[in-house]
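Using the hints provided, position chain B relative to the given structure of chain A.
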Amino acid sequence: KNEVEQSPQNLTAQEGEFITINCSYSVGISALHWLQQHPGGGIVSLFMLSSGKKKHGRLIATINIQEKHSSLHITASHPRDSAVYICAVHFGNEKLTFGTGTRLTIIP
Amino acid sequence: EAQVTQNPRYLITVTGKKLTVTCSQNMNHEYMSWYRQDPGLGLRQIYYSMNVEVTDKGDVPEGYKVSRKEKRNFPLILESPSPNQTSLYFCASSLLSRAPTGELFFGEGSRLTVL
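Going down the list, the protein sequences come from chains A and B.
Taking the numbering used here, the leading residue of the first sequence gets 12, the next gets one more, and so forth.
Taking the numbering used here, the leading residue of the second sequence gets 190, the next gets one more, and so forth.
Isolated chain A, as found in the complex (with noise of 0.2 Å):
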């Protein structure tokens, strides 16, 4: 079965701490995007990603094909920063799977 997890489901961290969340999926994939969800609900997309590397401002996002894991960072967290984090996978097609997300809290 095609499968996205996430970890950790929860993370609160201090402002300026540097963050890590992990997305793990079950079987090969074409792309892997990350997203990003406020409070209020609107999702904005962050990265998409097939191999490597890639940053855009204080975010870096990386992918390791095959140990089938991608990690979104966060450099000098900041409390606008706290949102729920989502990873989703294309399983080499064009549907999408989608993992429960992240819930991160940047406290001042």
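I should point out that these hints are in silico values taken from the structure, not numbers from a laboratory.
Possibly wrong hints are sitting among the right ones.
Covered stretches of chain B, as calculated for chain A (at least 3 residues, CB under 8 Å) [claimed, not checked]: (1) 233-239; (2) 242-251; (3) 289-299.
With a straight-line cut-off of 25 Å between C-alpha atoms, the simulated SDA-like cross-links for lysine to any residue are [claimed, not checked]: (4) 106(A) to 298(B); (5) 65(A) to 240(B); (6) 106(A) to 192(B).
With beta-carbon atoms standing in for the labels, derived distance ranges [said to hold, decoys possible]: (7) 245(B) to 39(A): 18 to 26 Å; (8) 206(B) to 21(A): 36 to 44 Å; (9) 80(A) to 268(B): 37 to 45 Å; (10) 259(B) to 103(A): 23 to 31 Å; (11) 205(B) to 71(A): 47 to 55 Å; (12) 300(B) to 16(A): 26 to 34 Å; (13) 190(B) to 63(A): 29 to 37 Å.
Just so it is clear, the structure is predicted and the values come from calculations on it, not from any experiment.
Positions of the beta carbon are idealized from the N, C-alpha and C atoms, including for glycine.
Only chain B this time, still in chain A's reference frame:
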């Protein structure tokens, strides 16, 4: 402004009363898709479309219909809504029709309550 627009944003209806949630994008995207989000279950794909007149089922298509008669529009139809379809619905689009589809652009969501 590039955007995906869903309507209505909020709707309360009763069991069995047909309803349509509209989704429109102004970016000439090939790929459009519908998702529902439920507490504890996360986001799940309902239907997706790779282009005009090309649609396919996602993981939870039961009770829903879609159509793609124009590239910009992808309405979600609930022919006979039931309370288990109470949920938060999102439409999304992206440029390409083949995975990887490119960056996903989401609508603001439609909160549906079926009594």
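Structure-based check of all given hints:
1. As drawn, the stretch 233-239 of chain B meets chain A at 4 residues by the rule of a beta-carbon pair under 8 Å; at three or more, the given contact holds.
2. Only residues whose C-beta sits within less than 8 Å of a C-beta in chain A count toward coverage, and the stretch 242-251 of chain B has 3 of them, enough to reach three; the restraint holds.
3. Check result for the stretch 289-299 of chain B against chain A: holds, 9 residues qualifying (beta carbon to beta carbon below 8 Å, three or more required).
4. A distance of roughly 19 Å separates the Cα atoms of residue 106(A) and residue 298(B); the hinted pair therefore holds under the 25 Å criterion.
5. Restraint check for residue 65(A) and residue 240(B): the C-alpha separation of about 29 Å exceeds 25 Å, so the hint is violated.
6. At roughly 22 Å between alpha-carbon atoms, residue 106(A) and residue 192(B) fall within 25 Å of each other, so this suggested pair holds.
7. Judged by the Cβ atoms, the range 18 to 26 Å given for residue 245(B) and residue 39(A) holds: they are separated by roughly 20 Å.
8. The hinted range of 36 to 44 Å is satisfied by residue 206(B) and residue 21(A), whose Cβ atoms lie roughly 38 Å apart.
9. Remark: the range hint 37 to 45 Å for residue 80(A) to residue 268(B) is upheld by a beta-carbon distance near 41 Å.
10. Here the CB-CB span from residue 259(B) to residue 103(A) is close to 29 Å, well matched to the stated 23 to 31 Å.
11. A hinted range of 47 to 55 Å for the beta carbons of residue 205(B) and residue 71(A) is consistent with their spacing of about 49 Å.
12. Here the CB-CB span from residue 300(B) to residue 16(A) is close to 27 Å, well matched to the stated 26 to 34 Å.
13. Separation of residue 190(B) from residue 63(A) is about 31 Å and conforms to the stated range, judged on CB atoms against 29 to 37 Å.
Hint compliance for this structure: hint 5 is the single one not met.
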